[in-house]
Amino acid sequence: MIIMIAAVAENNALGKNNELVWHLPNDFKRFKSLTTDHYIIMGRKTFESFPKPLPNRIHIVITRQTNYNPEGCIVVDSIQKAIAVCPENEDSYIIGGGEIYELGLPYTDIIELTKVHHTFEADTFFPKFSKNEWVLVESEENFKDEKHLYDYTYETYIRK
Numbered sequence: 001m002i003i004m005i006a007a008v009a010e011n012n013a014l015g016k017n018n019e020l021v022w023h024l025p026n027d028f029k030r031f032k033s034l035t036t037d038h039y040i041i042m043g044r045k046t047f048e049s050f051p052k053p054l055p056n057r058i059h060i061v062i063t064r065q066t067n068y069n070p071e072g073c074i075v076v077d078s079i080q081k082a083i084a085v086c087p088e089n090e091d092s093y094i095i096g097g098g099e100i101y102e103l104g105l106p107y108t109d110i111i112e113l114t115k116v117h118h119t120f121e122a123d124t125f126f127p128k129f130s131k132n133e134w135v136l137v138e139s140e141e142n143f144k145d146e147k148h149l150y151d152y153t154y155e156t157y158i159r160k
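Each residue of the sequence shown is one higher than the one before, counting from 1 in full-length UniProt numbering.
Calculated from the structure, these hints are not laboratory results.
Think of the CB as a built atom: it goes at the ideal place given N, C-alpha and C, for glycine as much as any other residue.
Check before you lean on any hint, since a few could be wrong.
[What the hints assert, rightly or not] Derived pair list, reagent style SDA-like, types lysine to any residue, alpha-carbon separation capped at 20 Å:
no., residue 1, residue 2
1, Lys52, Tyr68
2, Lys131, Lys160
3, Lys32, Glu155
4, Lys147, Phe28
[Stated by the list, open to error] Distance windows between CB atoms, simulated:
no., residue 1, residue 2, range
5, Thr66, Lys144, 43 to 49 Å
6, Lys144, Val85, 34 to 40 Å
7, Ile158, Lys52, 30 to 36 Å
8, Glu141, Thr66, 41 to 47 Å
9, Arg57, Glu102, 21 to 27 Å
10, Lys32, Glu146, 18 to 24 Å
11, Asp91, Glu121, 32 to 38 Å
12, Pro51, Leu149, 21 to 27 Å
With the hints as constraints, model all of the structure from the sequences given.
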């Protein structure tokens, strides 16, 4: 299955200047738990935003740059080629950024969202998706605390 995973603000903001605009340690733990030992699909800018490749995951990087070849990554030039590389009988995750989410949405079976209950100034946004095409099957509220400045909700959607 193709699973899209993202943390988004109330205004669908994902980030600004290729960085997240919030810090939610529990969301990082959830992301790690869900994506470890799986293929992860991302754009070049998202890949370059990491200090190093994420451990225990197979990185597929989508880029138009023909000579781009980071060590240990599979590099492709389209979302279709990225998905074709992933094993059909395993979960694979689309992890961003904004353009890759937009391109990947038609191929996605499940959306794992962390909805951050705040509005942020941003330059990258998660695509709007029709609630007519998706069913919310799980929702878990989390409240701000000493490590989390904002309330947030984990939401799981499956395609109808």
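Results of checking the hints against the structure:
1. Lys52 / Tyr68: holds, 16 Å
2. Lys131 / Lys160: Status holds; Cα separation ~10 Å.
3. Lys32 / Glu155: holds, 16 Å
4. Lys147 / Phe28: Distance ~12 Å between Lys147 and Phe28 Cα, so the pair holds.
5. Thr66 / Lys144: 43 to 49 Å: Given range 43 to 49 Å: holds, Cβ gap about 45 Å.
6. Lys144 / Val85: 34 to 40 Å: Holds, since Lys144 and Val85 (Cβ atoms, about 39 Å apart) stay within the stated range.
7. Ile158 / Lys52: 30 to 36 Å: Once the Cβ atoms are compared, 33 Å apart, the range 30 to 36 Å for Lys52 and Ile158 holds.
8. Glu141 / Thr66: 41 to 47 Å: holds, 46 Å
9. Arg57 / Glu102: 21 to 27 Å: holds, 22 Å
10. Lys32 / Glu146: 18 to 24 Å: Because 21 Å falls inside the window, the suggested range holds.
11. Asp91 / Glu121: 32 to 38 Å: Given a distance of about 33 Å, which is inside 32 to 38 Å, the answer is holds.
12. Pro51 / Leu149: 21 to 27 Å: Holds, at about 22 Å.
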